[in-house]
Structure formats: C-alpha cells, structure tokens
Amino acid sequence: MKPDKGHAEQRPQFTVVGGEPVQMTQVKHPDGRMSSYPPPEHWHDWKEADAKAWPKKQTNQYTLVPTICFNCESACGLLAYVDKENYEIRKFEGNPLHPGSRGRNCAKGPATHNQIYDPERILYPLKRVGARGEGKWKRVSWDEALNDIAQKMNQSRQKRLDGIMYHVGRPGEDHYINRVIKAWGTDSHNSHTNICSAAARSGYFQWSGWDRPSPDYANAKVILLISSHLETGHYFNPHAQRIIEAQQAGGKIITIDPRLSNTASKSDLWMPAWPGSEPTILLAIANYLIQNGLYNKKFVEDWVNWEDTLKAFVGVASKELADTDALKALQTEFKAKKSFEFADFDRYMKVTYGEFTFERAALESEMPMDRIIEAAKLVAESDGRLATHVWRAASMAHLGGWQVARTLLFLNVLTGSVGSKGGVNGNSWNKFVPEPYKNPPHGTAWNELQMPHDWPLSFYEMSFLLPHFLEEGRGEIDVYFTRVYNPMWINPDGFMWLKALKDEQKMKLHVALTPTWNESAWFADYILPMGHSGERHDLMSQETHNSKWIGFRQPVRRVAMERAGKKVKYTYEANPGEVWEEAEFWNEVTWRMDPDGSLGVRQWVESIENPGQPISQDEYWAYIFEHSVPGLPEKAKAEGITPLAYMRKYGCFEVMNEPAPPYVKEVKEGGVDVAGVRRAGFGTPSKKLEFYSPTMHEWGWSEKEYCLPWQLESHVHQNHIDRKKGEMILLPNFRLPTLIHTRSANCKWLYEISHNNPLWLNPLDAKRIGVGPGDLVRVETEIGYFVDKAFITEGIKPGVVACSHHLGRWKLNETGPGIGSGMASVVDLGQHGEEYTLKIKKMGGPWKSWDPDTSRVWWEDVGVNQNLTHAAQPDPVSGAHCWHQKAMMVKKAEPTDSYGDVWVDTQKSMAHYQKWVGYTRSCVENSPDGTRRPMWYNRPLKPVKEAYKIPGKPFGR
Amino acid sequence: MNYGFLINNSKCIGCHACSTACKSENQVPLGVFRTWVKYTEVGRYPDVRRNFQVNRCNHCMNPPCVEICPVAAMTQRDDGIVGYNADLCIGCKSCMQACPYNSIYIDPETNTAQKCHFCAHRVDNGIEPACVVVCPQHAIVAGDLDDPASEISREISKHNVTVRKPEQGTAPKCFYVDGHQAALTPTVTEGHSKSFLWGDIPSEEMKQAEPSCEPLLYMGDGEHMVQTRANVGHKVPWHWQVPAYLVTKGIASGTFMLMAMAFIYHLADLGGPTKVAVGLITMGFLALTGVFLILDLERPERFIRVMLRPQFKSWLVRGAYIINAFAGLVALWWGAELAVLFGMIDQVPVGLTHVTMYLGFPLALAASVYTAFLFGQAEGRDFWQSPLLPFHFLTQSVMAGGAALLIANLFVPLDPDFLGLASHALAIGLVTNLMMIFLGEFGMSHPTDTARSAAHKITHGEYKVHFWGGAIVVGGLLPIGLMIVGLAPVAALAALAGLYFYEHAFVMAPQKVPNS
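Top line first, the protein sequences correspond to chains A and B.
Each step along the first sequence adds one to the number in numbering that gives the first Met the number 0, with nothing skipped, and position 216 is 215.
Each step along the second sequence adds one to the number in numbering that gives the first Met the number 0, with nothing skipped, and position 440 is 439.
If we strip away everything but chain A, and leave its shape as in the complex, we get (with noise of 0.2 Å):
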C-alpha cells in the first residue's frame, strides 16, 4: 500500500501478508534456549508475527538488511527489518555476525528507530534567509546548494590552500572524508578530538607510537579503567561486554574515578581519587612492583629504550633526570660505567620512583591507602594478564593529564601486558583501514587555525579554539562545514563560538551537515540533511576486541528497493525527504567544485568505469571490497557472488581473528635488534616503547615530569583548590548509558530515561551550603556561572561537583522547526557588551506532530547548558581542553536566580585562554630542527615534508 506521505512523514504502517511466520521453534539448541536472531538465509524474506496484533495472528514480512550504528564510535552492526511492500522500517535489532558487537547493542540502537522517523527532521536542504542566528530558512533543491557551495570552495581554493575548513565532530567512518580533503589539496581537517580524547592519545603515542589502547578484556585477569565502560566511551557496548565476561570468570575490575558511575560501582574495587592524582596513585602502584621486583623484567629489557634513557641520564638530560641527591649519586656512579646492562635501569627506577610511596599517593588522593595497596597487590598478581583504559576521564580534565595515561601504560608495560593475551594492544593491530581506488597526494599546506605554532606537539587539532583564534585574527574561513558537530553547544565558552559563527567575515560561508537541529546549525547559512545509521554508506573498523574487522554501514531502504530489483541512482531517493548521505554529496561537490578539472581535484572521485563523472557508491565499495579486504573475495566466491553483494548482505567481515601483535614480527631489514633477533618494533624513532620521551626533551619539555612517566600538577590540584573559601572541582563532562553528545536528542525513547543533568554533590558539601535535593544551586566558574538542582548523593567525592553534558539542549524559537519540545527548552539569549547570558523561557514538554507521542512527553526539566560557562584551558602539551573547572564558588542560588541561567564574560574567557596560551612552548624558540613538529607524530592528513618548515611569520611573534 502507497503511504500518502512520504517515508518517515507520518507514523509508518507495516504491511500485513498472508501465511505463517518462519518458524524457529524446529531448531533445537543444545542448551535448550531459542533461537535469537533470524538465520541469514531468511534475511532476504523474513516473516514474522505482528506484535501490537497479538494475540491475533496476523503476519509481516521484511527483509532484513544488515548496516553499523551510527551513534557512538563503536560500529555496532545492525540489522534493519524493511517492509517488503513499502519499505517502512520496522525496528533496529543487532547483527548476529558483527564480530565486535555480537548481536547485541546498547540503548540507542533499537533508539535509531526514533531518529529515522523523528517528526522534526531536517528533509530538504535548506538555506538561509533573513541574519544568521534569525531562524528563517527556505528550502533549496540540492543542486542549487552543490552549485553554490561548489562555487564558493572553487574560489577559495583558487586562491589559498587554506581557506576551507571541514569540523567533524562525529566521523563513523574511517578514509572516506580525509580521501577527498586530500584531493581538495587543502588544508582543512579540524576535529573534536582534542575536547573527547587527544590528551590520553598523546600520553600513549608518546610511549608505543599508536595512540589508543585496545584492551583484550575477555582474557584479562585484571581490568583497570580510568573511564566508565561500562556506560559510555569508545567503544562501549563491544567493550561492556567483554569486561562483564572477565568479571564472571573471576577478574577484578579496579576503577579510578571521583564520582561513581554505573562502572565504578560495578568494580570490585572503587578508588575515587582527588581529580589529578591519578598518576601519582599509578606510579605507587609502578614503584611497587619495581621496588619488590613484581614485573616482568624480560619484557622491559627487550622492549623499553632503558639504554637511550640511561644515557641521557648521564648525557643530554642529565640535569633534569638527576634532581635529587640520591639520584645525583647514582648518575655520579653511572657516569662512571663503560656501558649499561639491565640492573643498572632496574636501580634507576628504584631511586626514581622510590618517592612514590602509598603513603604519598594516598594523601594526595584523599583516599584510603587500603585501596591503593589493594590496587597494586592486583596489579602485581595479574600475570600479564592487565587490561588498562583511560580514554577521556582523568586525562582530558587536567592540566598535564596526558600523563595519566603515560603513567597508566606503565603498569602495562612493567607487566608485560602489551600485546599479551589479556592485556592492551596497539589500536592500530585490531583495525584494518583498506585502501580505495586512487589516493591524492599528500597536502601541502599547513592551516594555522587548525595546528598553530604555539603547540607543536598537539594530539589532533586545536579544535575548540578556532574562535579564540579567530578573534586574535589568525585567520579568515572562506568555507567552514560542521559536520555531525554542534560546536557552540559542546564546546567550552560557547559564546565565543556564537560570536564566530555569526561574523560573516570569519566565517564566509557555513554550510552544517547533520541529520538533527542542534543549536549552531540554527547559525549557518546551510543546513544540509545527512542521513542516519540505515541511511548512508559508510566503512568502519573499530579496536572492539583482539580481531581485525570490517563494518558497512549502508542504506537500508535503498538496499531493500534493489534487492526487489528498482532501481535507485541517488541515495536521496530512498531516504526520507530528500536526506542524502555524504559519500555521494562529497563525491559531487569535489566534482562541481573543479568543473574543468584545472585545479587537479575532480580527477580524484572520477568514475574509472563512465569516465566523465563522479564514481558512485556502488563502484567505490566495489573496488575497495574487491581489491582490498585480504579474504573477502575469496568468502564471496564461495557463495557465489561479489564482495561487494557479500558485503551487502552481511555487513561485515572479519579480516583476523586475534591477530598477532606485529612489534615482535621478524623482519629482515629495518626494525630493531632485540635480543638478538631483528624485530619490527614500534612505531617510535627507537622503535621501542619509550619510557624517556627523547622526543619531549627535544622539543622543550625537558624537566623530568615531562620526559618520564610522571605526577603533573593539575590546575585543580589542592594547592589550587581553597576549599575552606568554597572553592570545588567541577567534573562537567561524565556521560550517560543511553545518550550520546547532542545527537540523541531526538530518540524519545532515550529522552524519556534520561533528560536532565542536576549537579551532583556530597551530602557534607551539600549541608555546609544548605541546600537540598531539588534546591537551585548556582556554580561560578572562572569566567561566569550557572543554575542547576541540586543531587545529593552519597556517590561522590567530598570536594567535587558533577554534572552531564549531553543536556540542557534549548532553542530560540518557541514555533517552527526545530529540535522537539520535549527535548529543548525556549530561551532567551542576551548580550550586554561582552557579557552574555542564557535564560530560559519555557521548559520543555509535549508537542503535537504526526507522531502521537510527541504528545505524551511528561516531563518538562531538559537540563542546563553548563557548557558554555567553563573557561577553555588547553594543555600546553597535548592540545587537549582541560575540562574539569574550577569551581570559584558553589553556593545555594540567589533569589534573583532562576533554573538553568547562564552568564558569561568573554573578556574573561579570552583573558583566561591567554593565561593557558602562556603555558605554550612554541615550535618556533623550542624546535630542534627548523621543522614545527615531529615528523614522526600522527597527524590527520599529514602534508608534505616542506609544510612542515616553521612558518615565517608565526603570530603574536
């Protein structure tokens, strides 16, 4: 039957056919359970029974098509029921086959549902009219937005290299975008990364040369997270899994955190630690070991670069590695020695980490000592069998937290838990990124807005501070695309992003990519709908376990029209409205974008098979699934069909099962001699897991605490923190189980659970400030405040305040489109110089639209955007935005206060990122070589080795 609307428009009906549902019930398993996925071959005609008719029997018939979620990182696989009549999508349920998921997902999965049929979906392009930020919008047909934007970026491009900037915040895919940046030849990747996970990613580059942690929890003996697994993170579902099936077969879970998340409170051990003395706690643990001879001496010999270190112990850095006496001596002693063998490196940890004692950690903690020795009798005991974490958590919320994860790899690498069964693999042994067709050259540009001279050694790009940047006047943007990002909302000092995102200069054109209203989109001159999970084409690997895979991420309703044989040229044309997907819009805007192929662009997403226009999806995929995949072809023809059918049909592959970690392959040239034998090694100068950071020395972080694994002084460490004046940490950023960032606000299956962020705090903070639960609570940060209720709850540590960021959603326009009522509060924005605030008009609450449930939304508190009032702090190491705030005051709110206020100072905000920028060591006084940043340091697109000269006029100089 023909729905009078189109798909997604109106609540979908479900085709009722004929016949009896496929019965399963004939399948006996061995343990007496059912059967819990339909069986692939009934995945092309599933019939099953209609479970609002129940007990009628009335029957519905789909064909099940598999694709990857597109709500966190975790590229869980999915499996899409279509109608087989009018290809309404009935449900999300998971994808038996996908290796790192299982079939099983968390919240937001079966939650996609809910954004494929959200009554307020962007469906057609629309363009600006009216002042940025005024909310009139007309729509536009996609040419015309192609043509224009194409145009727009045509021009730049003429002129500069890098005049375009592509900001993703969510990318759910892994070569697809950076392919066709390269062949732009631009400059022009800005990322998230360096607010979500740049510090504890440097941390572990520094070290191995692979910048994150891939845990093989099922074999772990000990499990210690400095995160929260168990409910968010990359990549939480595939790793949730795992880690509860170490638990039941008898491993410890140790968790590190000053507020108990769900994770901490299903950890055998607890450790809630005053936020920034996590690595003092890790070192404890290190210093046991070594001090008892309790780690794995052979590991450390062959793969830790203890002789570089040795001699620049008594070489290059000596002065900073020897600061106290007992290491003078020994330094004296060694200064002495021909040569180094291993006990030498042995006594040196032994004096240099002997001041790490348990009763030092537990003081600066505030934590129990008992735990701490808990910790490390663990640790000591986990026969290599250790799986470490840190993804965000400690390491993203401290000045210097990049060495949380420094110091957390230690553990692993003093137990020889890398690359062990159980233990933490490079990230880079557990993905497989297959190469495409054709690949541009490298760029050879360097865009100073994105990694500026001030941080040569940042992990990913300066990304939050693009507005402070612009502000100074380090650049203009001809073309800026948010893309699946919503910076303003997301970012610390939002109101600085508002103030960039509304100066038509900085930002000339800006065109947002994203499938939901969020609060900058309402700024941009585009807004241009891009499909969700089931309704784009995409390639994901993930680090979810101990196994190379493959996830692809398709359109479901395109895939089930050409399996009934139609024929669909446009992924649009399956979508609802006319949502695209990007692959193919990228494809066409690259292509308009160089119309007689002058600029050398268009040559790089040209079809091989029609030459003379843009590859299509179907020919890209091809290619890379036939070319590409080791195995994969091989599988197809045993089936009978191509790679890419075979990839259409299961949406996934395995290209290894438990790979074997490549540092310890033999290699006939290159690599590093370990004992003998000619190895591969690691991705390091050495090749070899660098303990001392010749690389840190070298670039003008030269004191010990920044070239060994080491304690930092947090900018919220006591000494900063006068409690006795009220003074707290705010722990902004915790995350919750059922959302993620700003992009589930329309999945009202997951508003209905969670929907507000109150701050929590200790019932003795909560009583020395009076209040109670419920009661408005205003936190002053450095550079304004906000109101929120207050959570009394015994689940977090004295001293401290939390408070979730995924909420406090709001728009500025009561009626017309927009994100949903139930999901946003009305406010007023005001500025008063520069001084801005937020308050809040109308609280959320039901909405009519062609969804009844719209109506049903009983609640009305959507929380508060804390966000905008916290300072932006980058590390001067990593990059990474400092997120814990220290909280000037936390105090019962003043009867002018109302739920939900916000005001910020941005002469304060930029009056405190100069304080952070002072913290730099630039390229420019401290680089080694003339070159502004190690040529060994990943980077997103790295360019050519001559963009890498110091620029010549580095600003502010």
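What the hints contain is simulated information worked out from the structure, not anything from laboratory work.
Ideal Cβ positions, reconstructed from N, Cα and C, are used throughout, including at glycine.
Some, not all, of what chain A presents toward chain B, calculated at C-beta under 7 Å: (1) M33; (2) A106; (3) I243; (4) L735; (5) W748.
EDC-like cross-link-like pairs, simulated, lysine to aspartate or glutamate; straight-line CA separation at most 20 Å: (6) K56/A - D77/B; (7) K841/A - D199/B; (8) K55/A - D86/B; (9) K46/A - D123/B; (10) K206/B - E859/A; (11) K334/A - E306/A; (12) K766/A - E222/B; (13) K51/A - E297/B; (14) K251/A - D46/B; (15) K55/A - D77/B; (16) K56/A - D123/B; (17) K840/A - D199/B; (18) K27/A - D123/B; (19) K157/B - D30/A; (20) K51/A - D123/B; (21) K56/A - D78/B; (22) K55/A - E108/B; (23) K193/B - D774/A; (24) K27/A - E150/B; (25) K157/B - E244/A; (26) K27/A - D78/B; (27) K766/A - D220/B; (28) K51/A - D86/B; (29) K56/A - D86/B; (30) K157/B - D146/B; (31) K193/B - E859/A; (32) K847/A - E108/B; (33) K234/B - E859/A; (34) K27/A - D145/B; (35) K27/A - D146/B; (36) K251/A - D177/B; (37) K55/A - D78/B; (38) K686/A - E300/A; (39) K206/B - D774/A; (40) K51/A - E108/B.
Got chain A sorted already, so can you dock chain B onto it with the hints?
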C-alpha cells in the same frame, strides 16, 4: 512447559538496552513501560553501590491479575506465559490493583490493559524475547523452567536467587541473581527519591511520597544512604468514581435492607408511599452505582461484557451479577408498587412482596459487602485485604441506608416506626463505624509494609484531612452530635458526606504506595 525469566544482576550494567528494545519490538507508547530499570543507591561515601533492577511482569504461577479480570482478557497460558488481550479488555483496571508489581499499564492508544507478554509472538515461533536478544551482557535469560537442560533451569539451580514479594503468594517466575533488598522491596526507598539522577520524578505520588516512620531496612543513619535514583511512573488506576460507587451502593443496599428487615421482623408498617420511596432510593442509587462503574472503565462501551463474557472467579463479575440480580428483583417489585400507586393494579402480589423481601435481603447484603472480596483479590493493595472489611461495608450500608431514609423523609413522610428504625440504624451505624475505624482498621497493626504505608498516608499523610476532618468529624462526631440535638436530616447529610471522604481516602491512599 513453564516459561520464566532469570535476570542476573551481577552481569547487568543498567544500560537500558532492554527498555528500548522492548519499546521498539512492541511499539510501546511514551509514558508507559513493559520493562524498565530501577536504580537504587546504597551506602555512605566511599562505600557506595548503585544497583540495577530490571522490572517487568513476573508471569506468576498464581497470577492475581488473571483471577480478578472480569472478562478473561488477562489469561495464563499452558506454557506459563500470562498474556493480555486488547480486544477483550474493558479497562476496569482491576488487574492493576491485583498486581503487586506495577507490571500493568493502560495503553493510551487502545485504552486497554497491557504488559510484558514474554514476547509471546516471538516465543511461539521459537525466537527469544527482544530484551534477551539485545542485552550486551546476556543478563536476561528467558526459557522453560520445566526443561532441565534449558539455560534458565541450570542457572536457577546454580545461583542464589530472589524474587519480588514472594509473600504475596503469586509465585513470581522472574528470578534475580544478586538481588538487593533495597530494590526488591519498593517501600524501603519510598520518599527517599526527591531527585533522580538524570530525569524528572515521573509521578506525583513519587514527588509527594514521605519516608516511612518505621524504616523497613536499616543500614545506617546517613540521610542519603538508601535511595531510589531512577524509576518509572505508574498512573493511579482508580479515582473518585470508586468511592462514589461505594457510597451509592451503600445507600441502595442499606435502604433496602432496612425495609426488608422491617418487613421480615414486623418492626414497622410499611405503607405504599414508603415502599415506593424505598424503591426509588434503591433503584436510583443502583443506577448511579452502575453509572459510576461504567464511567470508571477505560472502554466503557464494552461494559456489558462483564455480564455476557464473564470470568467467574472474579469478584467484579460476581458482584456485577449480584447487583444486577438485586436490581432486577427490586425493579420488578418496585414496578408493581408504582403500578399500585398510579392505580393500574389493586395491590402488589403477596408472593412478589415476600420473594422480594426474603430474597432481596440477602442480595442487598451481598451487594453491600461483595466489594470486600473484590478488594481481597487486589493483591497489589494489602491495605484493602482486611478481614474486617465485609463487616465494615455492612455497617456503612446500614448507616447510609438510615441516613438516606432520614433525608427522604423530608420529601415523602415515611411510616413513623420505619423512620424510627432508620434513625436507630444511622445512630448505631455511626457509632459502630467509628469503632471499626479506630479499633479495627487503624487500631490494629497492619500486617505488611504496604498496608502500613497506606494507613499512614490516611492518618498522617496526604489524606489526613479527608480522614480526620472528613471521615471522623464530618462523618462521625458531627452527625452523632447533631442527632443528639435532634437535627437528624442534617446529621444524615453529614454522615453521607463523611462516608464519601472516608472511602476516598480508603481507595486512593493504597494506590499511592509504590509497588516497584
């Protein structure tokens, strides 16, 4: 074959995947849940834990919802699954009173009672329920308890398992490994949830709840040591229509019983006008009773099914038959009395009068007290399951009947002896009623925590004004005083008003006690 659930809390991470998978599979509207996750927090920093308890229908071996359902919309299948039927349900919500677990809700689209049905539409075809399939930890196991090889049988035998409220006699088949008492017993955290960790408190009842005066679980003196941190709301099923029906039914049955007693025991002469008046009161208030009952249904157009598609174990059905038999008999007799009054016949046939009086009396008695047995089937409201209740309803009927007659006397002079009987009935009824309230309902200690909590809400909490002001003063002391000074009709009015307030508190308070 006997299906059940096992939920392993040591694996559960409280992620709510089961909640959304169920919403997705069964297209459950916003505001109601078939399965949900309750978060509780226990302890004092730094020794604190959060517990996750996944709540849903327990598919009881002895399902009270099935017993009470008047139209067999709730049924227990041979395979142990307790199911619903939206095509049969009349929306009386008795099942919601019978269920001690808050498992049932009224679906806003069909206005019928629905709940977890074990994904029977999947299970019948050999596929596991949606919540089982999605769970990242495989913490939910669904299977055949009668099959020793099944996963659920083996798991249940291996672990220490607990169930919710075993004392209710429901034999719930949802077993928890590593259950926490603070989560299993809802009244433990009643009132200890003034804010939830990431959502609004979902119901007025939760917002207004006060902690019990006697703690049910003592784990230390920290104010925030035992808390509910997230839960879902459940709408109160019955409202003013039910206390109203209790009052009108009391009046109807009481008035008739007094007349029948006068007739049988020769306590008064009953003239035509008196009998017509009594008949009018009885029929009128029985009609109102019916109106209130039907008004309370979510599918009022289906009310006749209680008579035509009865499930006889339900006291709602038995009561309906009793009321209809009573009304039918009285209608016949009253018709005859009216015919005499309007001169259409000479006299009412003696046999009819005798049958009406002698058969009507026990019918009226049954009509008066049957609600106690209906309340007795409400396993979800322990407070209503009082053995004193039939006697209390009878007392109230006598009191209400007397009151109605005293008021009727203002319009139609009743036979003097009969009026005297009515006066005595009111007076005795008032005193006996007060005694029952103080010595019975509220004097004696209530056997369970939920009953105690309801009693507390009536005497000290949300309904204390209804109780003390309405039931005791307006409904008891004042009319007694007024009768002493000779203002009987005013006393009668006050007594009836007070009766309504009492029933209102009685009916509403237990529904505000949490069952999950």
